[in-house]
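As they're listed, the protein sequences go chains A and B. Everything in the first sequence is counted per my numbering, starting at 1 for the first residue and increasing by one. Everything in the second sequence is counted per my numbering, starting at 227 for the first residue and increasing by one.
Hints are supplied without guarantee of correctness; some may be wrong.
[What the hints assert, rightly or not] Residues from chain B that keep clear of chain A, each with C-beta distances beyond 12 Å, as calculated:
1) T255
2) A259
3) T262
[What the hints assert, rightly or not] Rough simulated footprint, nothing fancy, chain A against chain B, three-plus residues with beta-carbon under 8 Å:
4) 230-240
5) 263-272
6) 276-284
Just so you know, these hints were derived from the structure itself, not from any lab. Just so it is clear, the structure is predicted and the values come from calculations on it, not from any experiment. All C-beta atoms in this analysis are idealised placements derived from N, C-alpha and C, irrespective of residue type, glycine included.
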Amino acid sequence: MLEEAVELTTDSRADDEALVRALRAGDEEAFIALVRRYDAMMVRVALGHVRTQAVAEEVVQETWCAVLAGIDRFEGRAALKTWIMRILVNRAKTRGQREARCVPFSSLGGIDDDDGPAVDPDRFLPADHPRYPNHWAAAPATWSQLPDERLLAAETQDRIRAAIASLPVRQQTVISLRDVEGWSPEEVCELLELSEGNQRVLLHRARSHVRAELERYLCDESEVAA
Amino acid sequence: MRDAEMSCKELVELVTDYLEGALPGDDRTRFEAHLTECPWCVEYVAQIERTVALVGTTWRDVEADPRTAELLELFRDWKRGPRAA
Numbered sequence: 001m002l003e004e005a006v007e008l009t010t011d012s013r014a015d016d017e018a019l020v021r022a023l024r025a026g027d028e029e030a031f032i033a034l035v036r037r038y039d040a041m042m043v044r045v046a047l048g049h050v051r052t053q054a055v056a057e058e059v060v061q062e063t064w065c066a067v068l069a070g071i072d073r074f075e076g077r078a079a080l081k082t083w084i085m086r087i088l089v090n091r092a093k094t095r096g097q098r099e100a101r102c103v104p105f106s107s108l109g110g111i112d113d114d115d116g117p118a119v120d121p122d123r124f125l126p127a128d129h130p131r132y133p134n135h136w137a138a139a140p141a142t143w144s145q146l147p148d149e150r151l152l153a154a155e156t157q158d159r160i161r162a163a164i165a166s167l168p169v170r171q172q173t174v175i176s177l178r179d180v181e182g183w184s185p186e187e188v189c190e191l192l193e194l195s196e197g198n199q200r201v202l203l204h205r206a207r208s209h210v211r212a213e214l215e216r217y218l219c220d221e222s223e224v225a226a
Numbered sequence: 227m228r229d230a231e232m233s234c235k236e237l238v239e240l241v242t243d244y245l246e247g248a249l250p251g252d253d254r255t256r257f258e259a260h261l262t263e264c265p266w267c268v269e270y271v272a273q274i275e276r277t278v279a280l281v282g283t284t285w286r287d288v289e290a291d292p293r294t295a296e297l298l299e300l301f302r303d304w305k306r307g308p309r310a311a
């Protein structure tokens with residue numbers, strides 16, 4: 001189920017080729033689609049290397065210039081997204097180093113700097129419970145099988161976006177690359193210079209947080225029937 | 227020292243490793259054994275999977291980007307400019 005979801009968001013080579021052809025031909029719609037798709041993500045990734053939003057946006061703007069300047073030479077050996085993101089990361093790093101106080105993505109705080117556990121510890125029975133230590137104290141509300149109409153409603157989507165936006169920048173970047181853009185763990189590790197373990201920790205924190213927010217929203221709004 | 231049986235509290239922290247196929251064989255067995263007996267954790271794992279799917283359908287394209295107009299200008303300049311073909 002998970003693999004399918006990821007597959008669907010993965011770019012295909014044919015899409016890349018069509019997009020590159022359109023860009024070369026000066027198709028504005030194609031460029032706008034590309035910007036919509038990647039610009040915000042690029043700013044997030046740049047923020048892993050530079051200190052301010054303004055500088056990150058500048059780096060991304062430079063990257064778009066470089067992408068256009070190089071599009072005629074793009075040969076499709078890497079996926080378009082990978083090519084763009086590599087240009088971005090190289091520029092963001094250079095800029096970060098020039099900023100004197102370089103803050104590489106991989107050393108932005110310890111891996112444990114952010115959230116606590118995936119689920120509020122109060123939801124579990126105590127560790128010394130005679131029969132069910134550390135088991136759920138009460139059944140979690142069931143909403144995993146709610147129909148799409150409900151979970152794809154505009155309000156629910158707003159809530160999910162807000163939950164992602166509230167995450168620390170590294171978690172936000174990893175969940176966006178993995179679960180929105182469908183990048184593989186290897187691609188994310190390479191781009192962000194993370195170990196596989198750290199990539200998973202960040203993804204875990206991010207997904208757990210979004211799930212918890214979704215639960216809070218769905219259960220606040222109305223009783224979710226078991 | 228871990229118990230042989232996985233607790234719910236432990237499972238919710240291992241769910242990502244499990245879904246990523248990164249759980250060592252031992253833990254994987256304990257994880258799956260727990261799921262056969264605990265419908266609440268089955269629901270939890272399903273929620274995480276649903277969350278992942280929803281995140282995938284949610285974010286893209288909807289994010290309004292105030293920079294689009296600015297970047298479009300950049301594209302037009304590029305179109306007008308000399309091309310090194």
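Original post:
What hint numbers does the structure not satisfy?
Top reply: none
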